[in-house]
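2 protein chains.
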Amino acid sequence: MSCAMQFTVEATDPNTAARTGRLRLPHGEVETPIFMPVGTQATVKALSQEDLRTIGAQIILGNAYHLYLRPGTDTLEAVGGLHRFMQWDRPILTDSGGFQVFSLDGLTKVSPEGVQFQSHLDGSRHFFTPAKAIDVQISIGADIMMCFDECTQYPATREHAEKSMRMTHDWAGQCKARWHERGADATQALFGIVQGSVYDDLRLESAAGLVDLDFPGYAIGGVSVGETKEEMIAAVECAAPALPPDKPRYLMGVGPPVDFVEAIARGVDMFDCVMPTRNARNGSLFTSEGKINIKNARFSQDFGPLDPHCGCPVCGVYSRAYLHHLFRAGEILALRLNTLHNLYHMLELAASARDAIRAGEFSAFRRGITSRYG
Amino acid sequence: MSCAMQFTVEATDPNTAARTGRLRLPHGEVETPIFMPVGTQATVKALSQEDLRTIGAQIILGNAYHLYLRPGTDTLEAVGGLHRFMQWDRPILTDSGGFQVFSLDGLTKVSPEGVQFQSHLDGSRHFFTPAKAIDVQISIGADIMMCFDECTQYPATREHAEKSMRMTHDWAGQCKARWHERGADATQALFGIVQGSVYDDLRLESAAGLVDLDFPGYAIGGVSVGETKEEMIAAVECAAPALPPDKPRYLMGVGPPVDFVEAIARGVDMFDCVMPTRNARNGSLFTSEGKINIKNARFSQDFGPLDPHCGCPVCGVYSRAYLHHLFRAGEILALRLNTLHNLYHMLELAASARDAIRAGEFSAFRRGITSRYG
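Same order as they appear, the protein sequences are chains A and B. In this text, residue positions in the first sequence follow the numbering used here: the first is 1, and each later residue adds one. In this text, residue positions in the second sequence follow the numbering used here: the first is 1, and each later residue adds one.
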């Protein structure tokens, strides 16, 4: 299919659908389950690429919509792709832009051919077809590309969800054709995206339809759009088992630790979410004893580390009192240190999940996470 | 006088008053001439302390006014001083707060006893006497403290400048007394600040008055307050030779490369300025060919380094096009990378000045800087 990616499941949990494995990609290997930091505009907000390496990020996300508008595909082509542009030599996955385009309320016009939208930067008009979304992602040169999909809004009637899902399938076929036509299958993997909103039969139909198209990997999309946690988990529980066990499964936009672990228990391998980085910029930090907000006055003279059990570059050096001061004073360094810590925490959570699955201790690990963050 | 500091002049330029030497301070040695990055609120804006070590910062500034208000002296005392609070183990110099207090237009009331001011943060009222300014700086624990002075406004009549300078001298005596009384002379050096505005006789009187008080080092203050470059240089040219050659001379708030080198030529050893860091955050960057603004469209597809002759951690990795993109996109990383580069540039400029003086090539170095930035 695609020689750009190989996926190997290395261990499975006997009691759940959790598994640990390895993705081999043009820019390196990725251990799964994995958390992928979001680098919307060719940078993970507040961090340098060296910072990302320091905290052990194995793969990051880029966003086709944002990168298409700025710096633009001409610039990315001129330099030889996003890896070179941002000097990140490990794997990258690009979101197709569907989610962003459909978030531009009132500025989009959807037709079976594609989506007309206006730039959030300057109001300029653009048209994305499935083939165009693939072309943009080829210019970016990510290790893994996503099909252009309609991210079905929530709530959606069954009728709307079904129609939307069918269009996503048509587009998936066009994306796949374009991917082969451009010869990108040799160097970039392409994932299909399961839609179907909260309707189990649609989720199953979507999974089956995409599996028929035979992608190197599959995402579960149309989640993190306002549905309840239970609805999100139900969608995963329905769709994941309908996807081939030898292909990676990516749950789009889901990040809170409990959801992360519950989705792993249902067979998900890959995750991304802006939550750890956005929370960090708001002072909301993960610790081994749950979340804290560093702007809270009780930290003003707390000279201990943010989390004594954390091995991140922040906890080893700076105190809660200093982080509190930086945040209160509106200092730029607060954004970076908080982001380093939260992302390290998510990456460690993924590493612990992998270890637990390998050691046959996933159920105990899952209970621990639920009691800490639940 | 003070066992907290030793200063040794190691080489002098035969043609000018330029000299290179070494300050031995409780937290380490500082080579002079030196540029001191400004860390107003217990952080050099956009950088971590590891960043500062990476670019070779030898000493940084803290600000007594800002630190007194936030995190507050109680917090700094509780943790054992600013070094521990921010985890910076190299020397620190603190500004006494005079400059800031006198910048709070309309909120200050000056009397011979001291200055009443209102916090720019919450409007709360505070009173700084010379003794209080020393007490605050003792709580901060910087290697070098500054006397509390009235930073004479520009323009100032001769009468006002004289009266203001006399008060600064009274306060300098009180600061020195407090410094001894508290026993801080064993661990912290104290510098007197020459005032006198643009009046040569007042500058000379000020220098003589402070030299009578016998401080470990002397600053030239009341510059960078709106005067012309010529007036600033004239003040240095007048005051510097009137200060003892075996004591360090610090020109407060002066930073542009040409002014820096011209002041070195007149015997100045220490400098601080927010300009390199503030410029960085506005996209204005130093290069070996002069200043550029990275937001300029001509850099959008310029994939070379910011400055091919620069050894900073940014120029070795990232391109002008990437820095341009980050700045245009309003990304936090732009602020950090730009700051790293500009500060490295200033630290390298100081290192080159030291090398040039030692090698007897200061005049050629000075001409080079003037032609590049003049």
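These are computed hints drawn from the structure, not numbers from a lab. Among the clues, some could well be false.
Since the list gives no way to pick one copy over another, a pair counts as held whenever it fits inside one copy or between any two copies.
As the list claims (entries may be wrong) - No farther apart than 25 angstroms at their CA atoms in a straight line, the calculated lysine to any residue pairs in the SDA-like style are these:
1. K45 - E237
2. K45 - V317
3. K109 - T40
4. K247 - A359
5. K45 - E331
6. K45 - G290
7. K109 - L69
8. K295 - P14
9. K295 - S139
10. K291 - R281
11. K109 - H126
12. K247 - T287
13. K229 - P112
14. K295 - A184
15. K247 - D135
16. K291 - T187
17. K45 - N296
18. K132 - A329
19. K247 - R22
20. K45 - N293
21. K295 - V79
22. K247 - N293
23. K163 - L69
24. K295 - T228
25. K295 - G283
Since the structure is predicted, the reported quantities are computational estimates derived from the model, not experimental observations.
Original post:
So which of the earlier hints does this model not fit?
Top reply: 1, 8, 12, 13, 14, 16, 22, 23, 24
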